[in-house]
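Which chain is which? The protein sequence lines are G, U and S, in order.
With the first letter of the first sequence counted as 1, position 159 gets the number 158 in numbering that gives the first Met the number 0; the numbers rise by one all the way through.
With the first letter of the second sequence counted as 1, position 68 gets the number 67 in numbering that gives the first Met the number 0; the numbers rise by one all the way through.
With the first letter of the third sequence counted as 1, position 316 gets the number 315 in numbering that gives the first Met the number 0; the numbers rise by one all the way through.
What the hints contain is simulated information worked out from the structure, not anything from laboratory work.
Careful: at least some of the hints might be erroneous.
[What the hints assert, rightly or not] Mimicking DMTMM-like on lysine to aspartate or glutamate, the simulated pairs with C-alpha atoms at most 20 Å apart in a straight line are: (1) G:K343 - U:D53; (2) G:K410 - S:D56; (3) G:K522 - G:D173; (4) G:K319 - U:E186; (5) G:K187 - G:E172; (6) S:K121 - U:E17; (7) G:K214 - S:D56; (8) G:K395 - U:E179; (9) G:K284 - U:E186; (10) G:K350 - U:E17; (11) S:K239 - U:E179.
Just so you know, these numbers come straight off a predicted model, no measurement behind them.
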Amino acid sequence: MLRFLRLALAALAVLALPAATLAKEREVSIGLQAAITSMDPHYHNLSPNNSMMLHMFEPLIKRDANQKLVPGLATSWKAVDDLTWEFKLRKNVRFHDGSPFTADDVVFTLKRVPNVPNSPSSFATFTKPIVDVKVVDPHTIVFKTATAHVLLPSDLASVMIVSKLHGEKASTEDYNSGKAAIGTGPYKFAEYVPNQRVVLKANYGYWGGEEPWDKVTFKILTNAAARVAALLSGDVQMIETVPTADIGKLSSDKRFSLVDKVSNRVIYVHLNQRSDTAAPFITGKDGKPLAKNPLKDPRVRKALSIAINRDAIADRVMEKRAVPAGQLLPDFFFGTSKKLKPAKYDPEGAKKLLAEAGYPSGFAMTIHGTNNRYINDDKVAQAIAQFYSRIGIDAKVETMPASVYFTRATKGDFSYMQLGWGTESGEQGSSLRSLLATYDAAKGMGVTNRARYSNPELDALITQAMSTIDDKKREGLIQKAAEIAMADTALIPIHYEVSTWATARGFAYQARTDQYTLATGLKPAK
Amino acid sequence: MAPRTESPWARFRAEFAESRLAMAGLALLVVILALGILAPVISPQNPYDLAQLDVMDSRLAPGEKSADGRTYWLGTDDQGRDMLSGIFYGLRISLGVGVASTVFALAIGLVFGLVAAYFGGWVDTIIMRVVDIQLSFPAILIALILLAVLGQGVDKIVIALVTVQWAYYARTVRSSALVERQKEYVEAARVLALGQARIVFRHLLPNCLPPLIVVATVQVAHAIALEATLSFLGLGLPITEPSLGLLISNGFQYLLSGKYWISFYPGVALLLTIMAINLVADQLRDILNPRLRK
Amino acid sequence: MLAYAIRRFGQSLFVLVLMSFIVFVGVYAIGNPVELLVNPQADEVERARATAALGLDKPFLEQYWVFLKGAASGDLGRSFVYNVPALDLILDKLPATIELAFVAMVIAIALGIPLGLVAGLKPDSAIGRGIMAGSILGFSLPTFWVGLVLIMVFSVQLGWLPSNGRGDTLAVAGIPVSFLTADGLAHIAMPAVNLALFKLSLLIRLTRAGTREAVLQDYVKFARAKGLPQSRVIGVHVLKNILIPIVTVIGLELGSVIAFAIVTESIFAWPGTGKLLIDSINQLDRPVIVAYLLVIVTLFIVINFVVDVLYSMLDPRVRLGGAAASH
Numbered sequence: 000m001l002r003f004l005r006l007a008l009a010a011l012a013v014l015a016l017p018a019a020t021l022a023k024e025r026e027v028s029i030g031l032q033a034a035i036t037s038m039d040p041h042y043h044n045l046s047p048n049n050s051m052m053l054h055m056f057e058p059l060i061k062r063d064a065n066q067k068l069v070p071g072l073a074t075s076w077k078a079v080d081d082l083t084w085e086f087k088l089r090k091n092v093r094f095h096d097g098s099p100f101t102a103d104d105v106v107f108t109l110k111r112v113p114n115v116p117n118s119p120s121s122f123a124t125f126t127k128p129i130v131d132v133k134v135v136d137p138h139t140i141v142f143k144t145a146t147a148h149v150l151l152p153s154d155l156a157s158v159m160i161v162s163k164l165h166g167e168k169a170s171t172e173d174y175n176s177g178k179a180a181i182g183t184g185p186y187k188f189a190e191y192v193p194n195q196r197v198v199l200k201a202n203y204g205y206w207g208g209e210e211p212w213d214k215v216t217f218k219i220l221t222n223a224a225a226r227v228a229a230l231l232s233g234d235v236q237m238i239e240t241v242p243t244a245d246i247g248k249l250s251s252d253k254r255f256s257l258v259d260k261v262s263n264r265v266i267y268v269h270l271n272q273r274s275d276t277a278a279p280f281i282t283g284k285d286g287k288p289l290a291k292n293p294l295k296d297p298r299v300r301k302a303l304s305i306a307i308n309r310d311a312i313a314d315r316v317m318e319k320r321a322v323p324a325g326q327l328l329p330d331f332f333f334g335t336s337k338k339l340k341p342a343k344y345d346p347e348g349a350k351k352l353l354a355e356a357g358y359p360s361g362f363a364m365t366i367h368g369t370n371n372r373y374i375n376d377d378k379v380a381q382a383i384a385q386f387y388s389r390i391g392i393d394a395k396v397e398t399m400p401a402s403v404y405f406t407r408a409t410k411g412d413f414s415y416m417q418l419g420w421g422t423e424s425g426e427q428g429s430s431l432r433s434l435l436a437t438y439d440a441a442k443g444m445g446v447t448n449r450a451r452y453s454n455p456e457l458d459a460l461i462t463q464a465m466s467t468i469d470d471k472k473r474e475g476l477i478q479k480a481a482e483i484a485m486a487d488t489a490l491i492p493i494h495y496e497v498s499t500w501a502t503a504r505g506f507a508y509q510a511r512t513d514q515y516t517l518a519t520g521l522k523p524a525k
Numbered sequence: 000m001a002p003r004t005e006s007p008w009a010r011f012r013a014e015f016a017e018s019r020l021a022m023a024g025l026a027l028l029v030v031i032l033a034l035g036i037l038a039p040v041i042s043p044q045n046p047y048d049l050a051q052l053d054v055m056d057s058r059l060a061p062g063e064k065s066a067d068g069r070t071y072w073l074g075t076d077d078q079g080r081d082m083l084s085g086i087f088y089g090l091r092i093s094l095g096v097g098v099a100s101t102v103f104a105l106a107i108g109l110v111f112g113l114v115a116a117y118f119g120g121w122v123d124t125i126i127m128r129v130v131d132i133q134l135s136f137p138a139i140l141i142a143l144i145l146l147a148v149l150g151q152g153v154d155k156i157v158i159a160l161v162t163v164q165w166a167y168y169a170r171t172v173r174s175s176a177l178v179e180r181q182k183e184y185v186e187a188a189r190v191l192a193l194g195q196a197r198i199v200f201r202h203l204l205p206n207c208l209p210p211l212i213v214v215a216t217v218q219v220a221h222a223i224a225l226e227a228t229l230s231f232l233g234l235g236l237p238i239t240e241p242s243l244g245l246l247i248s249n250g251f252q253y254l255l256s257g258k259y260w261i262s263f264y265p266g267v268a269l270l271l272t273i274m275a276i277n278l279v280a281d282q283l284r285d286i287l288n289p290r291l292r293k
Numbered sequence: 000m001l002a003y004a005i006r007r008f009g010q011s012l013f014v015l016v017l018m019s020f021i022v023f024v025g026v027y028a029i030g031n032p033v034e035l036l037v038n039p040q041a042d043e044v045e046r047a048r049a050t051a052a053l054g055l056d057k058p059f060l061e062q063y064w065v066f067l068k069g070a071a072s073g074d075l076g077r078s079f080v081y082n083v084p085a086l087d088l089i090l091d092k093l094p095a096t097i098e099l100a101f102v103a104m105v106i107a108i109a110l111g112i113p114l115g116l117v118a119g120l121k122p123d124s125a126i127g128r129g130i131m132a133g134s135i136l137g138f139s140l141p142t143f144w145v146g147l148v149l150i151m152v153f154s155v156q157l158g159w160l161p162s163n164g165r166g167d168t169l170a171v172a173g174i175p176v177s178f179l180t181a182d183g184l185a186h187i188a189m190p191a192v193n194l195a196l197f198k199l200s201l202l203i204r205l206t207r208a209g210t211r212e213a214v215l216q217d218y219v220k221f222a223r224a225k226g227l228p229q230s231r232v233i234g235v236h237v238l239k240n241i242l243i244p245i246v247t248v249i250g251l252e253l254g255s256v257i258a259f260a261i262v263t264e265s266i267f268a269w270p271g272t273g274k275l276l277i278d279s280i281n282q283l284d285r286p287v288i289v290a291y292l293l294v295i296v297t298l299f300i301v302i303n304f305v306v307d308v309l310y311s312m313l314d315p316r317v318r319l320g321g322a323a324a325s326h
């Protein structure tokens, strides 16, 4: 009797298994949040594309889950001198069609990258510094640069190597149709339907060993609720970017498991310092314009930073899926300073600083932010406004879609701009150069410095760091630059986003800092 | 049957009161209007004043207490906004936006529709082609353009909704007016050499009105829902001054997680409002319709 | 009739050109596509290159002229984002949307007109009142909210219907349709109901209003007095006379269902043009937006034309082109 009962219970338990584990064993579906715009690895430099391409193609150098550079199609690389880099290529690697991979494919790739017609965002940024390529033997290649280019290995980690044999006459259409989408990666092209799905099949001869899946289907589920619903109903086995609202429910549900990891994306505020006199959307409380731009005063900037309760935002608004930030990257990345901690919440101190700066009763200001670009972006903006209302600032909030927002922000229409920045290179130097160096289009300095913040001391350090090949020395310079910038409150870092993936039970995902969702990181749970 | 001696107003009242359902709707509408108008007086919190919100009180369930001991009877949203106060204030905005945009759109649509139908010819052609263009323009694109050009605000949303809706009325009016125009009474008015404006507005208009009132009452509701949808797409009102629609779309993302109250209660409020409007409007239409007179 | 059709066609061409110009100006006013397309880490050189590659470096009017020249030869430009002809992208997604719209309209008409008739014939009965009260539900709740509740109930709780996508399709005359397969039907059921709800309520209310008026008209009273059976009175005399406003609204709604199933399509991840449109608007993919709207306008023009022809058939007093007005 007891035995029968036990059997019955076991049978019940089997029946109660979620639908997900009953799906065909070596097939898996994954819900993505953004469309893949092309199967041409050199057409559109966009995170979702780059993530997808890593399945079919490989760069010379790969990035691991923490964005550390690791060997890819190159087994080793070194700087011979300031202007010369030598790469050793992996032997016995074959493309999906069986043809061998050699240095010629690398040469061809570098030639193709800047010449993809109609590319809305080219990978040429990464290959441009290379002025000359020498093939020493089929598995050794030497790159020459015009000036010392410290980021070369990191840049090449973003460039997928394509087959010369299939690529020579191929257009973007040929990649989209799969005809030319022939790489060396662990998965092969099977189907691409724009804005709908991508289907991949296993590449059984992959040099890095076989993957656990025969077939992977990526479904584009832009709407967050739809993505979660697809996971709950068993239509997909994994989703990326779990909305913070659903994290509590999913983590308490035994049928699913969640993984998360702090990402390379910082949410920060740029403070418009273009003009000494007028700052848009900042007035006295009576609505009259102020005599001068308060954001030029470092005391005001600091007050605006310490008035924000970052712990409360991370805890309540982001439901613990954010880490308060004190610089532009979490402190395990290259070039970050351990000395830089998130600013401590101090509303009294903020009031005092405002009074010292000549605004004892505050002023009125509009916070501008996106509402469809970053995790909970509009909620964060509202919470910040709450904190400002406590130090006597009349804060209004205006949020808008990214399509309207970025054009206006770049034009300098806003004073208080809430933005986000993901550091693809995985080191803080390039972020400082883009966001805080004095704007100089010709030199490529401060290209995303929408605030037009300018500090000659910081510029000098950044320039020096970016031409110092020695990693140790360079790291020291970047750290110093970051410390100077943060002491001056050049911008206000809020938090680092934490990326979250949810899988059905029976699956395990290796979370990544670059927010990529890779089938290669998804394994059956042990 | 009402006795003949009564004044028209008394007869109107008596006819309206014939339907108990309509009276219930009227009572509900009065209550809702009162809540909306008196929102600043009766709300426990001013939900638009950020200084009164505390993010530490966010997403409290109905009946839970805040850090300083106040009870949130309908819970709080993601910013710690008291849902009850939010709903009172939201009613104001939603009703205002819905009614204002419908009235303006109706007025514009009515004029253009009647003129097109009455005059015909090239006037009709031009108006109807503009209507075609307008109708094929997605609301989201119009809202986005207006947001980029004019910025955010209640008035901008009303402009966007009017822009989206007027053509709809114009077309509906024109189609009924085309039929009416051919009828004897219009012919008779013409023969009497009455002024054109008089014919259009005194003769054509009243007879085109009934189907239009059906569409319009539905459209008040639709305008409110459309505003909610625009908010859902991030193109609606400023997030610090939520309407019912914005409250619902904010709560939408919490539906799957079981925090139902953030969108459920505003949803109920919206439903009741629209139901009340329609119960009253249905009865009004039946009374006002000359062709339904017994 | 032919002259009328030709004149309509000429007007339509004008509408198309005007429309494309408005969209050009509109998208230009919203923002700069390069801001969204180019990688944020890119430098000024790369930005300039991308701007030139997309043809955005030319003066506004020249951009429009280039577009017009292309359009004259049937080329509506290439998607900024996908680098494929915008028209192909749309025509690829259009069958899914049209199918969804038709199924939704069929649901709305098949339920809406009978329910409206019942409510109109028996306005004071419990059934009549029940139908009217129920119809309020249909248009007072936002589509996105109803959509998610449907998913929660039928996909998540009950597990009966898939939460997203289109499912298996069968090719009929080269066009894939999903309502012929069980899997396809399961996929289309929820989005179609979600989309139909508002139209259903509108139709119920319109039919009811029309019916209530019609039954009081002399010809209906007369038909009744003649002793014609109830079914014939309703089917012929009542229905025929309430159809004009209903046909107008169906025409309008069919167009708007096809054009703007945006919310439903994004919640159910239905691979149609609505989802394509919202994504294109979000990325300011101007060629796709323009091409999309031109396709939709063309569709509207055809629908309106059919509706006008239907009028003249339903009601002989309405003559095509408004030329009948004898001033």
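Verification of the supplied hints:
1. Between the alpha carbons of G:K343 and U:D53 the distance comes to roughly 19 Å, so the proposed pair stays at or under 20 Å and holds.
2. Among the hinted pairs, G:K410 with S:D56 is consistent with the structure: their alpha-carbon atoms are about 17 Å apart, no more than 20 Å.
3. Restraint check for G:K522 and G:D173: the C-alpha separation of about 31 Å exceeds 20 Å, so the hint is violated.
4. For a cut-off of 20 Å, the pair hint linking G:K319 to U:E186 is broken: about 74 Å separates their Cα positions.
5. Of the pairs offered as hints, the one joining G:K187 and G:E172 holds, with about 17 Å between alpha carbons and a cut-off of 20 Å not exceeded.
6. Taking the CA atoms of S:K121 and U:E17, the gap is about 16 Å. The hint holds against a cut of 20 Å.
7. Taking the CA atoms of G:K214 and S:D56, the gap is near 43 Å; set against the 20 Å cutoff, the hint is violated.
8. Restraint check for G:K395 and U:E179: not satisfied, since their Cα atoms lie roughly 52 Å apart, outside the 20 Å limit.
9. Under the criterion of a C-alpha separation no larger than 20 Å, the hint pairing G:K284 with U:E186 is inconsistent with the structure, at around 64 Å.
10. At roughly 64 Å between alpha-carbon atoms, G:K350 and U:E17 are farther apart than 20 Å, so this suggested pair is violated.
11. The hinted pair formed by S:K239 and U:E179 meets the criterion: a straight-line CA distance of about 16 Å does not exceed 20 Å.
The structure is inconsistent with the numbered hints 3, 4, 7, 8, 9 and 10, although it conforms to all the rest.
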